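*Asks:* Position chain B against the provided structure of chain A, taking the given hints into account.
Protein chains: 2
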Amino acid sequence: MDRLTIIKVGGKVVEEPESLNALLDQFDHISGNKLLVHGGGRTATEVAKKLGIETKMVEGRRITDADMLEVVTMVYGGLVNKRIVAGLQSRGMNAIGLTGADLDLIKAHKRPVKDIDYGFVGDVDDVNPAELRLLINENVVPVIAPLTHDGKGHLLNTNADTIASELASELSNYYSVYLFYCFEKRGVLVDPDDESSVIYDLDLALFNQYKNEGVISDGMIPKLENGFRAKMKGVKEILITNPENIATGRGTRLV
Amino acid sequence: MDRLTIIKVGGKVVEEPESLNALLDQFDHISGNKLLVHGGGRTATEVAKKLGIETKMVEGRRITDADMLEVVTMVYGGLVNKRIVAGLQSRGMNAIGLTGADLDLIKAHKRPVKDIDYGFVGDVDDVNPAELRLLINENVVPVIAPLTHDGKGHLLNTNADTIASELASELSNYYSVYLFYCFEKRGVLVDPDDESSVIYDLDLALFNQYKNEGVISDGMIPKLENGFRAKMKGVKEILITNPENIATGRGTRLV
Numbered sequence: 001m002d003r004l005t006i007i008k009v010g011g012k013v014v015e016e017p018e019s020l021n022a023l024l025d026q027f028d029h030i031s032g033n034k035l036l037v038h039g040g041g042r043t044a045t046e047v048a049k050k051l052g053i054e055t056k057m058v059e060g061r062r063i064t065d066a067d068m069l070e071v072v073t074m075v076y077g078g079l080v081n082k083r084i085v086a087g088l089q090s091r092g093m094n095a096i097g098l099t100g101a102d103l104d105l106i107k108a109h110k111r112p113v114k115d116i117d118y119g120f121v122g123d124v125d126d127v128n129p130a131e132l133r134l135l136i137n138e139n140v141v142p143v144i145a146p147l148t149h150d151g152k153g154h155l156l157n158t159n160a161d162t163i164a165s166e167l168a169s170e171l172s173n174y175y176s177v178y179l180f181y182c183f184e185k186r187g188v189l190v191d192p193d194d195e196s197s198v199i200y201d202l203d204l205a206l207f208n209q210y211k212n213e214g215v216i217s218d219g220m221i222p223k224l225e226n227g228f229r230a231k232m233k234g235v236k237e238i239l240i241t242n243p244e245n246i247a248t249g250r251g252t253r254l255v
Numbered sequence: 001m002d003r004l005t006i007i008k009v010g011g012k013v014v015e016e017p018e019s020l021n022a023l024l025d026q027f028d029h030i031s032g033n034k035l036l037v038h039g040g041g042r043t044a045t046e047v048a049k050k051l052g053i054e055t056k057m058v059e060g061r062r063i064t065d066a067d068m069l070e071v072v073t074m075v076y077g078g079l080v081n082k083r084i085v086a087g088l089q090s091r092g093m094n095a096i097g098l099t100g101a102d103l104d105l106i107k108a109h110k111r112p113v114k115d116i117d118y119g120f121v122g123d124v125d126d127v128n129p130a131e132l133r134l135l136i137n138e139n140v141v142p143v144i145a146p147l148t149h150d151g152k153g154h155l156l157n158t159n160a161d162t163i164a165s166e167l168a169s170e171l172s173n174y175y176s177v178y179l180f181y182c183f184e185k186r187g188v189l190v191d192p193d194d195e196s197s198v199i200y201d202l203d204l205a206l207f208n209q210y211k212n213e214g215v216i217s218d219g220m221i222p223k224l225e226n227g228f229r230a231k232m233k234g235v236k237e238i239l240i241t242n243p244e245n246i247a248t249g250r251g252t253r254l255v
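Going line by line, the protein sequences match chains A and B. Going letter by letter, the first sequence gives residues 1 to 255 in our numbering. Going letter by letter, the second sequence gives residues 1 to 255 in our numbering.
Hints were generated in silico from the structure; no laboratory data involved. Check before you lean on any hint, since a few could be wrong.
Copies of the same chain look alike in the list, so a pair counts if it works inside one copy or between any two.
Unchecked claim - The calculated EDC-like cross-link candidates involving lysine to aspartate or glutamate, where the alpha carbons are at most 16 Å apart (straight line), are: (1) K185 x E244; (2) K152 x D25; (3) K110 x E213; (4) K107 x E131; (5) K185 x E46.
Quick caveat: nothing in here was measured; it's all calculated off a predicted structure.
Chain A extracted, bound-state conformation (with noise of 0.2 Å):
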């Protein structure tokens, strides 16, 4: 099977002009064929503030009303997005923006309410990825925004880490996936102020030793267990890393 990278970055390094520009330098370099799945928090609640409209985050995870899914699809969909698309095709790459409801890639269902209503939130259902492996076997790169539909008319509002490990699992059957989680880190650290401390090697036994622990806490809890499941579903090789690092393959590898 040809490979397949597939780039998660979110944080600071996308919504940053400068960072922004190493990272797609970065991704210039990667060979054959590939994917980017963003994210784009910061500016979404900066772009809320400033429209007047108050960001709820539980743990994590932000609370979506109907404002606050004009605000994301408005962001995510549009000017983090496109920013992105812009700047590969600078760099000579036919990059192609995408949500979910595009192509039909990712339906979604609401999230039901249980002790948290995150209202316009999607848990993913399916992946369809019929018409973006037609495009990626052109050599077209992928950038997929953190959107879903409910195939009802409704965009909802996905976690980025949870859209790259569902493209990761379902790209699997017909490439062989790399999955690199970018972001600010080395990798996973057993100290968050100690960038030496990476942990090179995690496995699922390790993983909830350190959970329970508390050495891994907060988002990085949903993100290894999406990485986990992925590697599940058959995932070739899943790295935790910064962008710099893309190219050395170093950083937290679950195994």
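*Replies:* Then chain B, alone, in the frame of chain A:
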């Protein structure tokens, strides 16, 4: 050659939920290949206002400074585009939302400053429909936002009527193209207050006469000039009408 219907919609039609739904229902009834080009100026003005950004228009065209470029990227590329895509998907059409940056579809250059500095407004240089045709031939329905790019990493704001006529002209090399400009009225009117005064057949001589007499004025002039240019480049039929008359084919026909 296969038939391709291109519908350009702007104004209130595309920006109010009820009229948008009516439009998408009409659009659903078009058989064969189809493509939608949309505007979104009212929403852009509204969002800009909420963000404290003043909208300046010259001869119906938006002055697009850096802040306004962010707004139109969010509103055209994100909010309006993805709402339409989700709405078409819910009706069983496999829509994909695109700007001119996606797939390198429409390259433009920043309009040179003469009397007026329009800012980040793009004049079209080149339409590259290779991957677009691939998608159309797979029964995908492209939904095009009025944004272009300069190939150097910059997005540009480009009039939606122009986008529609440029796409129609280029695609006439591959399809028998029917181009509909849809807006609130039943066609070009001799008396703007009388919906029954539709000019059914409009040729260039009559257009110039009406233009000189002031019967046709304002935004209708560039729309018609775009239309006549597209007609001369091989677009099979060009009609100016409202969404209700897409099916009947009644309205102002450029001959």
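*Asks:* Which hints from the list above does the structure break, by number from lowest to highest?
*Replies:* Hints 3, 5 not satisfied by this model.
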